[in-house]
Amino acid sequence: MESENQILSTEQSLEIITRMIRQAHGSAKRNSVYLIVWGVAIILANLGMFILIWVEYPRPYLVWLIAIPAWFATFYLSYKHRQEARVSSHLNRINSFLWYSYGVIIFTIVVFGFKINYQLNPIILLVSAVPAFVSGTIIKFRPLIFGGVLFWLFGIICFLIGGPWQYLVGAVAVATGHLVPGLLLRNKNDEQHVQGS
Amino acid sequence: MFKDLDPLLHSQLRLAVMSLLIGLESAEFTFIKEKTNSTAGNLSVQLDKLSDAGYISVEKSFKGKKPLTTCRVTKKGLRAFEDYVTVLKQYINK
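For the record, the sequence lines run as chains Y and D. The numbers in this note's numbering rise by one with no breaks, and the one at position 168 of the first sequence is 168. Numbering-wise, this note's numbering comes out as the position in the second sequence, counting from 1, plus 197.
A few of these clues could be false.
Under the rule of at most 30 Å between Cα atoms (straight-line distance), these lysine-lysine pairs were calculated in the BS3-like manner [unchecked claim]: (1) D/LYS260 - Y/LYS80; (2) D/LYS262 - Y/LYS29; (3) D/LYS263 - D/LYS200; (4) D/LYS246 - Y/LYS29; (5) Y/LYS140 - D/LYS200; (6) D/LYS262 - D/LYS230; (7) D/LYS200 - Y/LYS29; (8) D/LYS286 - D/LYS263; (9) D/LYS246 - D/LYS200; (10) Y/LYS140 - D/LYS272; (11) D/LYS230 - Y/LYS80; (12) D/LYS263 - Y/LYS29.
Because the hints were derived from the structure by calculation, they are not lab data.
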């Protein structure tokens, strides 16, 4: 950029302001890794539950232990991303706290699952619709917005069907609501700006 | 009668820095340098001027062993930028 002594016209000033505000829009691609990690973990857990219930394994819920390595991966990746981040935006912070809140709510639902006879799937899918829909809106990424809507639809379907089929619906919901948007976000062209980094 | 444009903001690099920071909570020196395509020396001088005027706050710390300079817009800076844009609009619409 040239020296400060250059006299600016009003049009040049406006052009600088517009261009720089656009530059502040970072890439949300980095966030895609969380959607992929959790998408894969929860799909595997749901499919595992579905299969283990069919084969009448006595403790099918043990398959959810797959969430433990996913949590470790999340802690490691978020630590690494915080170290690498050179910029902080309000939207980025709102987006992060939205997902933290989601994590806390899911944890609470799972811990007190015995109070509702472990009929968790429809509730988890409906709650999952909120961060996917809002986060998709914040970063202006339609596949995640659609993913949020699909979570809501699959949540309703889960209420209507019962038994192990709920786990199959859960796997499909997480595939369309987290994994596919995560993969699309990861492959998104950098030139297509996505707000929040 | 139009107000004069704030001379501190009516400069290419300082206006670019303020426009960049206005949409962010904070940004590191290297990020600002990259986005404004400026030299480290020139950028340091302009950041000092904005800081002296109270338009931005500059925090110096360390990231590991590397020195880290983080900038953010102050309330005074935000008001000055809004005033600048208001006057700019008047000039454009006249």
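Do the hints match the structure? See the list:
1. D/LYS260 - Y/LYS80: holds, 13 Å
2. D/LYS262 - Y/LYS29: holds, 28 Å
3. D/LYS263 - D/LYS200: violated, 44 Å
4. D/LYS246 - Y/LYS29: Outside the cut-off at roughly 35 Å; violated.
5. Y/LYS140 - D/LYS200: At roughly 37 Å apart (the allowed maximum being 30 Å), D/LYS200 and Y/LYS140 break the hint.
6. D/LYS262 - D/LYS230: holds, 20 Å
7. D/LYS200 - Y/LYS29: violated, 43 Å
8. D/LYS286 - D/LYS263: violated, 42 Å
9. D/LYS246 - D/LYS200: At roughly 22 Å apart (the allowed maximum being 30 Å), D/LYS200 and D/LYS246 satisfy the hint.
10. Y/LYS140 - D/LYS272: holds, 28 Å
11. D/LYS230 - Y/LYS80: holds, 23 Å
12. D/LYS263 - Y/LYS29: OK: D/LYS263 and Y/LYS29 at ~26 Å, within 30 Å.
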